[in-house]
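Asks: Sequence:
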Amino acid sequence: MNFSLTRLILLTSLVCSTWQPVAQGCPFCSAVSQTLSQEIAGSDVAVIARLIELPPEIDPNGDAPVGFDIDDPDSGTAEFEVLETIHGDDLGDLAPAQGSTIKVVYFGSGPDSSSGSDEAPKKIFMISGLTGKRIDWSTPLLLTARGSTYIKTLGSLPEEGPQRLSFFLDYLEDEDPLLAQDAYDEFGRAPYESVSAVSDQIDRQELIGWIEDSQVGPTRRRLYLTMLGICGKAEDIDFLESLLHYNYQQMKPGIAATLAASAQAGPALGATILSELVKADVRRKQQCLDALIAAYLKLKGPAGLPLIEKRFLTNPAAEYTHVYAAVMALRFHGEETDTLPRERLLQSVRLLLNNADIADQVIPDLARWEDWSVLDQLVTMFKNSADDAWVRQPVIAYLLAATEQPAEISTQAETALAELEKLDPKGVKRARSYMAFGLLARAAKKKKTAKESDPEVSASEKNDLDATPTLTADEATGADESSAPKTTETTNLTDEKPSATASAPAEVEEPETLPGPSRVLLIGGPLIAGLFLFGVFALLLRGADVRSNNS
1 MNFSLTRLIL LTSLVCSTWQ PVAQGCPFCS AVSQTLSQEI AGSDVAVIAR LIELPPEIDP
61 NGDAPVGFDI DDPDSGTAEF EVLETIHGDD LGDLAPAQGS TIKVVYFGSG PDSSSGSDEA
121 PKKIFMISGL TGKRIDWSTP LLLTARGSTY IKTLGSLPEE GPQRLSFFLD YLEDEDPLLA
181 QDAYDEFGRA PYESVSAVSD QIDRQELIGW IEDSQVGPTR RRLYLTMLGI CGKAEDIDFL
241 ESLLHYNYQQ MKPGIAATLA ASAQAGPALG ATILSELVKA DVRRKQQCLD ALIAAYLKLK
301 GPAGLPLIEK RFLTNPAAEY THVYAAVMAL RFHGEETDTL PRERLLQSVR LLLNNADIAD
361 QVIPDLARWE DWSVLDQLVT MFKNSADDAW VRQPVIAYLL AATEQPAEIS TQAETALAEL
421 EKLDPKGVKR ARSYMAFGLL ARAAKKKKTA KESDPEVSAS EKNDLDATPT LTADEATGAD
481 ESSAPKTTET TNLTDEKPSA TASAPAEVEE PETLPGPSRV LLIGGPLIAG LFLFGVFALL
541 LRGADVRSNN S
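Position 471 (the sequence shown) corresponds to 471 in this note's numbering; numbering is contiguous.
Because the hints were derived from the structure by calculation, they are not lab data. Keep in mind that this is a model prediction, so the values were computed, not measured. Cβ coordinates follow ideal geometry from the N, Cα and C atoms, glycine included. One or more of the hints may lead you astray.
In silico lysine-lysine, BS3-like type, Cα no more than 27 angstroms apart, as pairs [what the hints assert, rightly or not]: (1) K122 - K152; (2) K123 - K103; (3) K152 - K123; (4) K429 - K383; (5) K152 - K103.
Label-pair restraints from in silico Cβ distances [stated by the list, open to error]: (6) G155 - A386: 54 to 62 angstroms; (7) A145 - G42: 22 to 30 angstroms; (8) G42 - E343: 42 to 50 angstroms.
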């Protein structure tokens with residue numbers, strides 16, 4: 001089976017996910033949008049205001065509003081009355097006073113006049129802005145009465161932690177879409193430990209109802225499965241296990257019998273629709289397979305691993321995406337929980353080394369978790385692989401990490417590296433280069449610590465130590481060039497151990513032809529380029545905006 005397209009999709013998703021600037025709460029989902037708290041904090045001023053006058057009406061015979069003046073920055077704006085300033089009281093003369101009016105671009109409608117009453121309630125909005133010579137207001141955000149109270153409460157919440165999340169629990173599936181989305185995004189950006197800390201406040205039955213609800217999207221369902229793994233009880237294991245067994249292949253005999261009966265009773269069109277509906281439902285539920293497996297193992301513990309191994313890790317008929325979901329679940333437990341004993345977890349992960357399509361994904365995990373028992377097996381895999389095989393770079397990175405271990409393992413790894421370098425000198429050199437490139441700053445810190453903490457290190461040894469970058473298992477997992485986007489995620493480690501030995505330069509030698517890159521260039525170059533592009537983009541927007549202050 002050709003997995004190239006599937007790999008490309010997964011790698012693209014992973015690359016995008018590495019640009020998330022905030023900590024992930026749900027390990028299998030992320031915030032969809034900026035939270036309301038972030039929007040308020042990122043502005044200079046934010047107010048609650050009500051609409052009192054709409055912009056000029058559009059001329060039905062023309063494309064521009066009646067009375068629209070391109071040279072007037074206030075042209076085409078609606079008028080709002082400030083009810084309350086929720087952020088930016090310290091702006092002095094620029095701060096909008098309660099009862100004052102502001103003009104903001106608004107494309108919506110006015111009050112609902114369907115009742116025929118002139119006393120229709122005014123629409124309430126949250127409006128944020130940035131200050132300069134004047135306040136540039138953003139697009140108004142329509143609020144319900146409950147939304148207005150919600151917005152006002154945000155400022156009194158702790159910036160992070162379980163007490164903050166407690167407030168959002170009641171809004172996860174709120175009837176107000178704005179509040180429901182914001183509550184989800186708050187959980188999506190909160191650390192996992194904070195989510196775990198509110199386990200006693202989570203309504204299990206409500207979670208199960210949401211998980212079973214076909215109207216709940218996959219991103220939210222992932223969060224709810226993760227939360228069920230946190231707060232669930234023994235009776236929830238059967239529920240999760242039934243979802244794991246919800247598979248089209250297992251239901252196929254029953255569906256075939258139904259189709260046969262339907263064909264005898266009448267046209268086969270309805271039977272075909274039934275089959276497609278079942279497949280669609282299975283696909284919908286399998287979208288959250290990573291979170292489902294993680295939740296199941298969180299409640300079942302090591303006793304749940306045989307089912308996962310049989311269904312996904314050793315099943316030759318398992319889809320690549322399903323196997324990858326199982327890998328993500330195992331990785332989550334290896335990094336975030338102590339539910340699965342490390343040796344039992346590694347026993348399951350090692351099974352994937354027999355799967356040529358996924359082996360390169362788990363080798364960095366084995367290095368990070370310092371499982372050196374498969375060193376010989378990986379060397380054999382390298383020798384038996386094609387020159388452009390995905391597995392080669394992770395194997396080299398694994399061996400480079402092993403060279404930092406105690407003498408017996410280090411010697412074995414160095415011997416294997418020397419042997420593989422004869423087979424693929426470019427591949428080994430490339431891996432060393434990426435290692436050196438990625439760990440310069442961290443290696444400098446390690447070298448300084450080693451010199452200051454060991455009074456027995458001689459002056460010449462200190463000089464040698466300065467000239468040699470130190471490799472750790474943590475850093476080695478980032479050396480895979482051919483699957484670099486994949487190892488970006490797998491190298492996000494929580495346990496970083498110092499080098500076991502202050503090795504001489506001969507142990508891990510950086511290629512002489514590859515000088516260390518300038519940190520100023522590495523950091524400053526992209527930063528300057530980004531600022532330049534941002535400035536160009538801002539100028540283009542300002543030039544095209546009829547509301548620009550430059551009149």
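Asks: It remains to establish, for every hint, whether it holds in the given structure.
Replies: Taking the hints in turn, this is what the structure says about them:
no. : hint                            : result
1   : K122 - K152                     : 18 angstroms, holds
2   : K123 - K103                     : 15 angstroms, holds
3   : K152 - K123                     : 17 angstroms, holds
4   : K429 - K383                     : 17 angstroms, holds
5   : K152 - K103                     : 22 angstroms, holds
6   : G155 - A386: 54 to 62 angstroms : 59 angstroms, holds
7   : A145 - G42: 22 to 30 angstroms  : 25 angstroms, holds
8   : G42 - E343: 42 to 50 angstroms  : 46 angstroms, holds
The structure agrees with every numbered hint stated previously.
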